[in-house]
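J.: Knowing the structure of chain A, use the given hints to seat chain B on it.
Keeping their order, the protein sequence lines are chains A and B. The first sequence begins at 1 in full-length UniProt numbering and counts up one residue at a time. The second sequence begins at 1 in full-length UniProt numbering and counts up one residue at a time.
Keep in mind that the hints were calculated from the coordinates and are not lab data. Any given hint could turn out to be false.
[Said to hold, decoys possible] DSBU-like cross-link-like pairs, simulated, lysine-lysine; straight-line CA separation at most 30 Å:
no. : chain 1 : residue 1 : chain 2 : residue 2
1   : A       : K101      : B       : K11
2   : A       : K161      : A       : K203
3   : B       : K76       : B       : K241
4   : B       : K69       : B       : K11
5   : B       : K69       : B       : K218
6   : A       : K54       : B       : K11
[Claimed, not checked] Which residues of chain B face chain A? A few of them, derived with a C-beta cut under 7 Å, are:
no. : residue
7   : A13
8   : S30
9   : L313
We put the CB at the ideal spot given by N, CA and C, even for glycine.
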Amino acid sequence: MSGASPHPRVADSGPVAPAPVPDRAPAPVVELAGVTKEYPGGVAALRGVDLTIKAGELLAIVGPSGSGKSTLLHIVGTLDRPTAGSVAIAGHDVGRLSDRKLSALRAQHIGFVFQAFHLVPGISARDNVAEGLLYSGLSRAERHRRAARALERVGLGDRLKHRPHELSGGQKQRVAIARAVVGEPDLLLADEPTGALDTSSGKAVMQLIHDLNQEGATIAVITHDTEIAKMLPRQVRIRDGQVVQDSAAQGHVRTRIRGDAP
Amino acid sequence: MTAHRQRPTLKAARLTPRDILHTGSAGMRSRPLRVVLSALGIAIGIATMISVVGISASSKEKVLQELDKLGTNMLKITPGDDLLTGKKIPMAEDAVGRVARIDGVEHVGGTGLLEHSVRRSEKISEDITGGITVQAATEGLLTTLRGQLRTGTWLNKATGTYPAVVLGDVAADRLGISRPGQRVYIDGQYFTVLGILDDLPLSPEIARSALVGWGIGKSMLGFDGHPTTLYERSADAEVGKVHSLVARTVDPQTPRNVNVTDPSAGLQAKAATEGAFSNLLLGLGGVALLVGGVGVANTMIISVLERRYEIGLRRSIGATRGQIRGQFVTESLLLSGLGGVAGIVLGAAATGVYATSSGLPWVVPLWAVGGGFGATLVIGTVAGLYPAVRASRLSPTLALHAA
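Next up, chain A with everything else stripped away, as it sits in the complex:
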């Protein structure tokens, strides 16, 4: 699979190497190559992870707690930097960006959904969603217009003025998803999005994630729940800081890791 190559762009665009990628070609949104993360004290949370996520993909990053999937999420979300290896998000080499530019990268290209929602209490659903655009440089009026549209998109068009405490858990998570997608990010990272929800709300949220993917969003769901992972088209299994199985790459993963990371 060309997606696993460190330079898929060049490979996809044929002989004219430096030319821009043709419009319809599925360019990778995330490219991790040999990513290692060691914490002070010698604990290695990630050991040589390669991962490519193409535009329009819906995948699960699944693994038990302590497997390193949270660290992987931090690194893919540019909230943390790897000790070794390269990370490119939406074509930007993260290692070479200043903190300021990384912030701009997150504002423009990445949306986060958290297990604990992290909604601001005391302000309306629409204001909460509009917060997601605060650092985008859009005008206040435009942020509110887009927030209302995003809430309609997640099926909460009639809850614009409701405050978080007036919403159910599932509705809160949908508000949080609206906040994550309101900026039309290239990548949506959902960290245990159903972790704090009951079964039926969880199903509704997963259905929403599927729908958003159908509309073209690239979504990575981080979960420890294999049931949820199975519902998604691609699963990346993490254990002890390594990718042990990638359904997109089938059996090639193990051998390739050994080959690439001596």
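T.: Okay, now just chain B, sitting in the frame of chain A:
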């Protein structure tokens, strides 16, 4: 979803002032009680300082208003002591006229001290003077002193030649005279009281005098015609010039034998002391302000600790370190600014209450208001800087840990 292929340069967006204010006040809006308590310290400090400055400024204003009414353009001319004998050297008989001819002089009045006592009747011993002096006065004296009559009339050319007397207010009180028409006894003769003067803050010696006409003084009370005190009033701009000319005009041969004083100087000194605020109270206000600043810093540090999820969230949706720093400095500024405004209102109100109850004009100097508010802004910045830097250095991954 294809925008990244154009590789737009990454540039962190700037927040509008309104958005900065909005994020900066978010923490305050969610915890109003804490805002009140932490702003209270600043408010007390500023209120103390404003009221200390305000009350002294009000007292000073009162004295200045008084000065304004009385004028600072009056000079008092008295004979000096002879170098050898130590005796007073009398001024020339026509000294009043000489001073009146100096350029810039508007009014001149003179008094001549008479060695008599004034009593209610001949039955009272001559030794009981009651501290009241008898003086001959020129007609121009009242205008020069800007005096007012409490009751009755002032001496004129006609009454000045008859046994008539105008009493200073203190003299009238001591003699027990309250209305014109009553009589007092001077040197074997009853004089009819024409009028009683009002309070004269610049010339208390006149308030303790019984004033008779220049003419009757000479004809009946043995006045030699040499004035013992001259009062002169000129335009404000001319005071300095007149001051330098007066002594030489009154006594061209030995000008040093003439004393020229400015009776308003005392009041001016009083105004200056009233205006000097109590350093102790001001220091107390400063300490309160400092404690208030520490309180704000404390609140900010707790706020940062409590809101690290929010900080992580903001970082994850694209806030730069600078924007997080700005948010918390803004919050600190708002907190102390609020305390400052409350303190200014409180201090101004306290000054108002004090001024009203003690009959002073209500003055709160603008520099004190501006300085006080400026001080709170400085305190807000200093108190907020450290917590804000801490907030901006927090790892953004914190938001992802479940609360």
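J.: Now tell me if each hint is right for this structure.
T.: Consistency of the hints with the structure:
{"no.": "1", "hint": "A:K101 - B:K11", "result": "6 Å, holds"}
{"no.": "2", "hint": "A:K161 - A:K203", "result": "25 Å, holds"}
{"no.": "3", "hint": "B:K76 - B:K241", "result": "15 Å, holds"}
{"no.": "4", "hint": "B:K69 - B:K11", "result": "67 Å, violated"}
{"no.": "5", "hint": "B:K69 - B:K218", "result": "34 Å, violated"}
{"no.": "6", "hint": "A:K54 - B:K11", "result": "24 Å, holds"}
{"no.": "7", "hint": "A13", "result": "3 Å, holds"}
{"no.": "8", "hint": "S30", "result": "6 Å, holds"}
{"no.": "9", "hint": "L313", "result": "5 Å, holds"}
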